[in-house]
Structure formats: C-alpha cells, structure tokens
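Protein chains: 2
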Amino acid sequence: MRFDLTKEFLEELNRAIHNQDQNWIRENILELHYADIAEIIDNVQMDGARFIYFSLSEDTQADVLMELDEEVRDRFFNSLSSKEMAGQLENLDSDDAADILGELSEEKIQEVISQMEDDEAAEDIVDLLNYDEDTAGGLMQKEFIQAKLDWPVNRCLVELRRQAEDVEKVYTIYVVDDYNKLVGLLSLKRLLFADPKTKIRDLYNAKNVISLKTSDESEEVVRIIEKYDLVAVPVVDLQGKLVGRITIDDVVDIIKEEADRDFQLASGISEKIELNSSVWRISRARLPWLIIGMLGGILGAQVISGFEVGISQVPALAFFIPLITAMGGNVGVQSSAIVVQSLAKGNDLFGTVRTRLAKETTVALLNGVMLATLVYGIAYLFGNIQLGIVVSVSLFVVIFFAAIFGTLIPLLLDRYNIDPALATGPFVTTLNDVLGLFIYFSVGMLLYHM
Amino acid sequence: MRFDLTKEFLEELNRAIHNQDQNWIRENILELHYADIAEIIDNVQMDGARFIYFSLSEDTQADVLMELDEEVRDRFFNSLSSKEMAGQLENLDSDDAADILGELSEEKIQEVISQMEDDEAAEDIVDLLNYDEDTAGGLMQKEFIQAKLDWPVNRCLVELRRQAEDVEKVYTIYVVDDYNKLVGLLSLKRLLFADPKTKIRDLYNAKNVISLKTSDESEEVVRIIEKYDLVAVPVVDLQGKLVGRITIDDVVDIIKEEADRDFQLASGISEKIELNSSVWRISRARLPWLIIGMLGGILGAQVISGFEVGISQVPALAFFIPLITAMGGNVGVQSSAIVVQSLAKGNDLFGTVRTRLAKETTVALLNGVMLATLVYGIAYLFGNIQLGIVVSVSLFVVIFFAAIFGTLIPLLLDRYNIDPALATGPFVTTLNDVLGLFIYFSVGMLLYHM
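Heads up: the sequence lines are chains B and C, in that order. In terms of this note's numbering, the first sequence is residues 13 to 462. In terms of this note's numbering, the second sequence is residues 13 to 462.
Check before you lean on any hint, since a few could be wrong.
Here are the simulated EDC-like pairs of lysine to aspartate or glutamate, each with C-alpha atoms no more than 16 angstroms apart in a straight line [as the list claims (entries may be wrong)]:
| no. | chain 1 | residue 1 | chain 2 | residue 2 |
| --- | --- | --- | --- | --- |
| 1 | B | K219 | C | D146 |
| 2 | B | K219 | C | E43 |
| 3 | C | K268 | B | D265 |
| 4 | B | K357 | C | D241 |
| 5 | C | K219 | B | E129 |
| 6 | B | K219 | C | E82 |
| 7 | C | K253 | C | E171 |
| 8 | C | K239 | B | E51 |
| 9 | C | K268 | B | E231 |
| 10 | C | K160 | C | E145 |
| 11 | C | K219 | B | D426 |
| 12 | C | K95 | C | E145 |
| 13 | B | K268 | C | D190 |
| 14 | B | K181 | C | D59 |
| 15 | C | K357 | B | D249 |
| 16 | C | K268 | B | E79 |
| 17 | C | K225 | C | D130 |
| 18 | B | K209 | B | D265 |
| 19 | B | K95 | B | E79 |
| 20 | C | K357 | B | E231 |
| 21 | C | K95 | C | E83 |
| 22 | C | K95 | C | E123 |
| 23 | B | K357 | B | E171 |
| 24 | B | K95 | B | E129 |
| 25 | B | K357 | B | E286 |
| 26 | B | K357 | B | D426 |
| 27 | B | K201 | C | E171 |
| 28 | B | K357 | B | E270 |
| 29 | C | K239 | B | D81 |
| 30 | B | K357 | C | E171 |
To be clear, the hints were calculated from the coordinates, so they are not data collected in a lab. What you are looking at is a predicted structure, and each value in this text was computed from that prediction instead of being measured.
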C-alpha cells in the first residue's frame with residue numbers, strides 16, 4: 013500500500029510526460045495517495061508538474077498542492093494565470109488558501125480574489141488575510157462544524173451533513189449559543205449513540221472547554237495544543253464568538269519549524285534558510301555571527317598582545333591557546349544547551365537559578381578535574397612539567413567559568429526577551445574565548461614568575 | 013477557562029495540603045482540566061501529590077498520571093505499593109501502561125501484573141512489553157475501534173458503543189475481514205449519515221489505506237504520520253492482522269524528543285539528559301566531546317610547536333590564533349547545520365553533493381572576501397600592515413576549507429550510518445581548528461619569508 017519513489021519510476025514517468033501519455037499517468041499515478049503524488053511532482057520539471065497536476069481530480073489537486081515542497085509550490089502556483097489561481101484556491105481549506113495567497117503582491121491578491129466565483133470562500137480568505145500570520149487568527153481555518161444548543165439530535169444531523177461537506181476532518185462539533193458564542197463541545201461518538209429527539213443542550217460538554225483567541229501567538233497555540241493533547245482547538249474572537257479552528261497537522265509543522273530555527277540559531281545562522289535559499293540570502297544569514305566572532309577574535313588578540321613579553325620568553329605558551337579557547341567554548345555551549353531547551357519548553361528558570369548554578373558548577377568541577385589531570389598527564393609524558401601545570405590549572409579555571417557563563421547568559425537573554433537560543437551560538441563562545449585567554453596567560457605569567 | 017498556576021495559588025494549596033483540607037481541593041482543583049491538575053502536582057511535594065491524586069476520580073487519575081513530568085511520574089509511581097500500581101495501570105491506555113511498567117525491574121513487573129484484576133488489560137500490556145520501544149509495536153496502543161465487513165450499520169453501532177467505552181479518542185473505524193486482516197477505513201462522519209441497513213462493505217474506504225508494521229522503526233512512524241497528515245495510524249502484524257494503533261499525540265512527543273536530541277548532540281552532549289538528570293549522568297554525557305576537543309587542542313599545540321621558531325621571531329603571530337580557530341569553527345558549524353537538517357528530513361543529499369559544494373564554496377568566497385577585507389582594514393588602522401595581510405589571507409583560505417569540510421563531513425557520517433548531527437559538534441570544529449592553524453602559520457612563514 014505504501015509507495016516508494018524509485019529512479020526507474022521517475023525514468024518511466026519522464027518518458028510518459030515527454031510523450032504526453034495520459035494512459036500511463038492514469039494507471040500509475042492517479043490512484044496513489046495525494047502525499048505520494050506530491051512527492052512525485054516535487055521531483056519533475058515544471059511542464060511535467062503541470063501535466064500531472066491537471067490530470068488530477070479537483071479534490072486531489074487541492075490536497076496535492078498543500079503537500080508540495082514549499083519552494084516547488086510557490087513556483088508552480090506562480091506559473092498559473094490569475095483565473096487558474098482563483099480556481100485552485102476555491103478547492104483549498106481557507107487557511108491554506110490564505111497562506112498561499114499571502115505570498116503574492118497586494119495587486120495580485122486583489123486580482124485573484126476578484127476572479128473567484130465562490131463568494132463565501134473568497135470572503136473567508138480575505139478575512140483570514142487580516143490576521144498576523146503568527147497568531148491563532150492567522151493559523152486558523154474557517155471550516156469547522158457547529159451546532160446550536162437548542163437543536164435536537166436529528167436536526168443536528170441534517171445540518172451537520174450540510175456543513176460536513178466542506179470540512180475534511182471532523183473531530184469534534186463546536187456547540188454555540190444564539191449569539192454564536194462558543195459554549196461547549198460535542199464528540200461525534202456521543203452524537204452517534206444519542207437518541208434523535210435529545211437536545212444538544214442535554215448532550216454537550218461544557219466543562220473544561222479549551223479555546224484560543226485570534227490574537228494568541230503561535231507559541232501559545234503550540235503550548236495549548238500540546239499541553240491539552242488536542243487534535244483541534246476552536247478559536248474565538250474578542251467577544252467569545254466562534255470564528256475558526258486550528259488542527260494539529262498545522263501545529264506539527266510549527267513545532268518542526270521552531271525546532272529547525274533553534275538549531276540554526278544555535279549554529280550561528282541568524283535568519284531562516286533552506287537548502288534551496290539563494291547564495292545571497294545564505295551569506296547574509298551567516299555574516300552577523302561571523303562578524304561577532306571576528307570581533308571576539310580581535311579582542312582575543314588584544315588580550316594576548318598584553319602578554320607579548322611572556323610569549324617571546326616562553327613561546328611554548330602559545331601552543332595551547334587553541335586548546336584553552338576550544339574547551340571554554342565547548343563547555344559553555346554544553347551548559348547553555350540544556351538551559352536553552354528548558355526555556356524553550358516554557359519553564360521559568362529564573363527562580364531556580366541558584367540550584368542550576370550549583371549543579372552546573374559541580375559538573376564543571378568534576379569534568380574540570382578529570383580533564384586537567386589528563387592534560388597534565390600528557391604534558392608529563394612529553395617531559396614539559398611546568399607548562400603542563402600552567403595548562404592544567406588554567407584549563408580547570410576556564411571550564412569552571414565557562415559553565416557559569418554558559419548557564420547565566422541564556423537566562424539573562426531570556427529575561428530581556430532575546431531568544432536564548434542565540435546564546436549557544438555567538439555570545440557564550442566569544443565571551444569564553446576572551447575570558448579563557450586572559451585566565452590562561454595570567455596563570456602562565458604567575459607560574460613562570462614573569 | 014484557561015488556568016494559570018500562580019504563586020498565590022500554590023501557597024493556598026500548600027496550606028490546604030498541610031491541613032488535609034478536602035474541601036479546598038474539591039472546590040479549587042477537581043474541576044480543572046487534567047493537564048492543569050498535572051501541572052499543579054508537578055509543583056508540590058510528594059505527600060501533597062498523593063493527597064491531590066487520590067482525591068481524583070479514577071479516569072482523571074489516569075489522565076493526570078500521563079501528563080506529569082516524566083521524572084515526577086516515575087517518583088510518584090515508585091512510591092505506590094504493587095497493589096496500587098496494578099490499580100492505576102488498569103485505568104491507563106495500554107501503551108501508556110506498558111511505558112510506565114517498562115521502567116521497572118523484571119521481578120517488579122511480574123509482581124504488579126499478577127496483582128491486576130482485569131485479565132484482558134494485563135494481557136494487552138504484557139503483549140506490548142514484547143516489542144522494542146522504538147518500533148511501531150512499542151508505540152502502539154491496543155485500544156482502537158474495529159468493524160467487520162459484513163456488519164450492517166446498526167449492528168456496527170451496537171458493537172461500537174461497546175468498544176468505544178475503552179477508547180478515549182475515536183477518529184476512524186478500522187474495517188477488518190473475517191481473519192482480522194485490515195482491509196480499509198470508515199470515518200465516523202460516514203457512519204453518522206448512513207442508512208442503518210447498509211453493510212459496512214458498501215460504506216468503507218479501501219483505497220490508500222496507510223498502515224504500519226509492528227517492526228517499523230519510530231523514525232518511519234513519524235515520517236508516515238507526517239507525510240500522510242494522519243491523526244492516527246493502524247498497526248498490523250506480519251500477517252497483516254490489525255493489532256493496534258498509534259495516535260498523533262504520541263508522535264508529537266517523538267518529534268519533540270528527536271529535535272531535543274539533535275540539539276544536544278550538536279551542542280556536544282552525547283546522551284539524552286534533562287534538567288533533572290543527576291550530576292554524574294550530565295558529567296558522563298559531556299565528557300566524550302570534551303575529550304575529543306582536548307585531543308584536538310593537543311594536536312593543535314603540535315602544529316603550532318612546529319612553527320616555534322617563527323613565533324619567537326614574530327610573537328605577534330600568536331595574537332590571532334584564537335581568531336583563526338574561532339572563524340574556522342564557526343563557518344564549519346554553519347555549513348554543516350543546513351546539511352544536517354536536510355538529512356534529518358530524510359533527503360538523500362549524496363546525489364547532489366556537487367551542487368551543495370558549489371553553493372557552499374560560493375557563499376564561503378563571498379563571506380571570506382568580506383571578512384578578510386574587514387580584518388585587513390582593522391589591521392591597517394592599527395598600522396600593522398604585514399600582519400594584516402597574513403591574517404586576512406589565511407582567514408580567507410580557512411573560511412574556504414571550513415565550508416568544504418562542514419559540508420562533506422555530515423554527508424560522509426550519514427553515508428556510514430553515523431548520526432550526522434554529531435558533525436556540527438566535535439568533528440567539524442576540531443578538524444577545522446587543526447587545519448586552520450596549519451594554514452595560518454604556513455601563510456605567516458611564507459609572507460614573513462621565514
């Protein structure tokens with residue numbers, strides 16, 4: 013039942029596209045799952061994509077469009093005429109339609125909207141475009157199923173059948189009062205087993221109804237859906253009126269994107285880039301950290317130059333500069349990683365900052381002693397005992413301070429509303445480099461009696 | 013409707029716990045959502061946790077137990093007697109019960125299982141314990157709703173009502189043949205609007221049924237649920253018989269865990285740790301990278317010592333050692349981050365390795381020229397032109413090679429089935445440190461004519 017895209021399949025497909033072989037497409041593609049068809053389209057040229065896409069039924073087109081690689085989708089969608097765009101949008105869920113449309117210019121949006129024949133769908137999309145895309149309003153869809161308190165079950169079934177045509181995935185029915193205010197939930201399971209004459213009022217669940225406001229930020233959307241284990245959550249406006257719902261598949265996408273962004277931020281990439289982003293964009297996203305790192309390096313050079321006399325007397329001191337900076341950086345990044353992750357989960361760690369620090373310093377002392385002993389042992393084997401003492405003592409001190417800064421800096425950044433994921437990148441490493449050098453050479457001067 | 017845990021609430025609660033005030037608990041806690049109750053229990057002492065927990069109804073207990081912080085849950089569960097444990101397990105979904113039980117020793121598991129009164133539940137749990145926890149079998153639950161092909165809708169409703177008592181969240185009904193083989197799906201929506209006499213055979217959907225095998229690995233589970241936008245997926249055994257289902261809330265947890273693990277791996281932490289892990293465990297998880305980093309540092313010292321004569325002649329050369337190693341590390345990490353992310357998404361990049369390299373080297377040349385110019389400019393301002401040339405030329409070369417290694421190393425690791433996320437940590441930085449030093453001093457010797 014599961015489809016795997018092979019090289020052979022792609023070769024046959026490209027031949028079929030070249031020969032405009034509708035039969036081959038019908039036999040080998042049309043029956044596949046839309047996610048598989050999307051994967052196929054991701055891997056062919058634009059003319060092939062059009063050929064396959066327009067062989068599909070309207071419903072499948074909509075599903076496939078939303079499964080395409082974002083970059084392929086934008087390219088494909090932009091290759092359509094305004095008339096074709098309007099037709100495609102009418103098949104989509106309102107949130108998906110608004111997402112795609114939101115990528116276009118204002119004039120183009122107006123042009124496409126004016127071409128749409130389904131006024132209600134057009135209105136829904138225009139409405140959604142008003143919300144900031146990082147809020148519950150921007151994430152919600154207008155397709156959901158609602159029932160009024162006073163309906164009996166049989167009336168409800170009739171109404172639902174009508175509504176359900178537009179709604180692909182039905183999990184829960186939202187119960188509203190006469191003013192369209194959300195008052196509770198009704199599971200399909202409950203409805204299925206109910207007597208036809210029972211009123212919704214006597215069936216629905218008004219306890220612990222979790223909803224979001226249109227203005228809630230996407231982090232809050234993720235937090236709520238995760239915390240309450242929801243597959244869909246209703247969205248209400250300022251008056252408490254039901255205006256949309258957010259489903260978990262959209263939330264999974266947000267979770268993935270945020271994890272990606274944190275990973276990139278911690279790797280020193282300052283804006284979201286993908287494999288396919290342009291060289292300019294990639295270059296621009298990377299420069300900020302590189303420049304910070306370079307300024308840190310110049311600061312480090314200043315520190316070392318302060319010990320120039322020492323180096324000219326004992327040039328071997330210079331040998332272990334990279335060891336000291338690398339270890340300071342490593343320990344700092346390790347310490348901050350755990351703090352950053354906990355902060356990302358919404359834990360407020362500032363109250364427990366002392367416990368955190370106590371633990372981190374214990375770990376640092378432990379690892380510091382082990383590594384310092386190891387490096388002293390190596391120096392001893394090479395017969396340079398005095399230098400071994402300098403390196404091992406300063407390594408120990410550097411590890412200790414790196415752990416403290418690695419813990420404190422993300423907490424401080426978070427306090428001042430700067431994304432703490434930045435900390436595992438530039439801040440901690442640069443600071444620890446400079447500090448580590450200062451410690452190393454100070455210890456060296458001291459022990460060499462210079 | 014949404015609850016926020018405040019300091020004041022906790023203070024009142026602790027007073028109520030201290031006074032064993034059942035009334036306060038009833039009025040302020042019992043009506044809350046189970047996720048909120050779990051959050052409250054996470055934040056009180058063990059005796060308070062027990063007091064609150066055993067005031068709850070059995071159903072709520074089960075929900076709360078699964079929402080607790082993992083560490084709190086283990087501690088709480090271990091504080092129960094075998095008899096109490098058995099009672100709690102009977103209320104849980106089979107997959108959750110197996111997860112909790114799996115943490116105990118073999119003898120303890122036997123003891124608890126023997127105390128369970130519900131034989132069917134016990135059997136389900138024992139069955140699930142046989143599967144590796146990182147496979148679909150280990151992730152699935154035994155609670156799902158199935159219907160036979162030959163049932164008419166009204167018989168189906170009766171059977172479903174019976175089955176549905178055990179199944180908390182019903183999304184889809186799984187249709188099986190007489191041998192219990194999964195043959196298709198039936199949505200509740202469809203069933204809701206069907207004529208009572210219609211046979212399931214004429215209602216169900218046999219097309220594109222996505223299922224998993226018990227032996228499928230958790231990565232495959234995530235990939236399938238994500239790709240096909242599922243909220244639940246049926247699991248079949250080797251014979252194609254329906255044995256369980258996996259729901260999306262469990263998959264969201266896996267996605268989060270994998271993202272956390274990648275982030276930690278890239279930060280140089282070699283085994284999964286949490287804020288609450290013991291000092292020993294944290295220390296052990298961090299040592300491997302620190303030791304690799306230290307060996308890299310010693311290798312770097314060897315390289316520099318080869319240029320000892322040069323340093324004693326021009327001690328200023330030592331000043332820019334940290335700048336060179338930091339920049340090599342930074343560029344390497346940036347280059348590998350994107351590759352690691354794409355590999356994690358299941359993209360096979362080895363086919364496009366040339367395109368990747370071409371792009372990375374272009375970005376590197378671009379950034380290299382800018383940064384080299386910048387550093388030369390700074391050196392010029394400080395009046396040390398010859399040193400400025402050495403630093404800027406070698407910086408340019410180092411950035412170039414760091415980008416190449418940063419791209420190639422994760423690809424190679426992936427080729428040999430080593431987690432490429434390791435690359436953004438130790439491998440790339442250490443290699444680039446050593447290589448960078450060699451380039452820097454070679455350029456220095458050359459330009460100073462030593």
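Cross-check of the supplied hints:
Under the criterion of a C-alpha separation no larger than 16 angstroms, the hint pairing B:K219 with C:D146 is inconsistent with the structure, at around 36 angstroms. In summary, the hint linking B:K219 to C:E43 is supported, as the alpha carbons are separated by about 8 angstroms, within the 16 angstroms threshold. Between C:K268 and B:D265, the direct Cα distance comes to roughly 12 angstroms. Compliance with the 16 angstroms bound is thereby established for this hinted pair. Between B:K357 and C:D241 the alpha-carbon distance is near 24 angstroms, which puts this suggested pair outside the 16 angstroms criterion.
This hinted pair does not check out: C:K219 and B:E129 have alpha carbons roughly 32 angstroms apart, beyond 16 angstroms. Taking the CA atoms of B:K219 and C:E82, the gap is about 27 angstroms. The hint is violated against a cut of 16 angstroms. Of the pairs offered as hints, the one joining C:K253 and C:E171 is violated, with about 19 angstroms between alpha carbons and a cut-off of 16 angstroms exceeded. Proposed proximity of C:K239 and B:E51 is supported: the alpha carbons are some 9 angstroms apart, at most 16 angstroms.
Between the alpha carbons of C:K268 and B:E231 the distance comes to roughly 14 angstroms, so the proposed pair stays at or under 16 angstroms and holds. Restraint check for C:K160 and C:E145: not satisfied, since their Cα atoms lie roughly 30 angstroms apart, outside the 16 angstroms limit. Taken as a hint, the C:K219 and B:D426 pair is broken in the structure, with Cα atoms around 50 angstroms apart against an allowance of 16 angstroms. Note on C:K95 and C:E145: the hinted pairing is violated, with a Cα-Cα distance of about 25 angstroms set against a maximum of 16 angstroms.
A distance of roughly 41 angstroms separates the Cα atoms of B:K268 and C:D190; the hinted pair therefore is violated under the 16 angstroms criterion. Note on B:K181 and C:D59: the hinted pairing is violated, with a Cα-Cα distance of about 44 angstroms set against a maximum of 16 angstroms. Between C:K357 and B:D249 the CA atoms are separated by roughly 36 angstroms; this puts the pair beyond 16 angstroms, and the hint is violated. Among the hinted pairs, C:K268 with B:E79 is inconsistent with the structure: their alpha-carbon atoms are about 22 angstroms apart, more than 16 angstroms.
Between C:K225 and C:D130 the CA atoms are separated by roughly 27 angstroms; this puts the pair beyond 16 angstroms, and the hint is violated. Our distance criterion of 16 angstroms between C-alpha atoms is broken by B:K209 and B:D265, whose separation comes to about 41 angstroms. With a C-alpha separation of about 22 angstroms, the suggested pair B:K95 and B:E79 falls outside the 16 angstroms cut-off, and the hint is violated. With a C-alpha separation of about 22 angstroms, the suggested pairing of C:K357 with B:E231 is violated against the 16 angstroms cut-off.
For the hint linking C:K95 to C:E83, the alpha-carbon distance of about 21 angstroms lies beyond 16 angstroms, and the restraint is violated. For a cut-off of 16 angstroms, the pair hint linking C:K95 to C:E123 stands: about 9 angstroms separates their Cα positions. Between the alpha carbons of B:K357 and B:E171 the distance comes to roughly 41 angstroms, so the proposed pair goes past 16 angstroms and is violated. For the hint linking B:K95 to B:E129, the alpha-carbon distance of about 10 angstroms falls within 16 angstroms, and the restraint holds.
For the hint linking B:K357 to B:E286, the alpha-carbon distance of about 25 angstroms lies beyond 16 angstroms, and the restraint is violated. For the hint linking B:K357 to B:D426, the alpha-carbon distance of about 12 angstroms falls within 16 angstroms, and the restraint holds. Under the criterion of a C-alpha separation no larger than 16 angstroms, the hint pairing B:K201 with C:E171 is consistent with the structure, at around 13 angstroms. Between B:K357 and B:E270 the CA atoms are separated by roughly 11 angstroms; this keeps the pair inside 16 angstroms, and the hint holds.
The straight-line distance between the Cα atoms of C:K239 and B:D81 is roughly 11 angstroms, inside the 16 angstroms bound, and the hint therefore holds. For the suggested pair B:K357 and C:E171, the alpha carbons sit about 42 angstroms apart, so the restraint of at most 16 angstroms is broken.
Hints 1, 4, 5, 6, 7, 10, 11, 12, 13, 14, 15, 16, 17, 18, 19, 20, 21, 23, 25, 30 from the earlier list are contradicted by this structure; the remaining hints agree with it.
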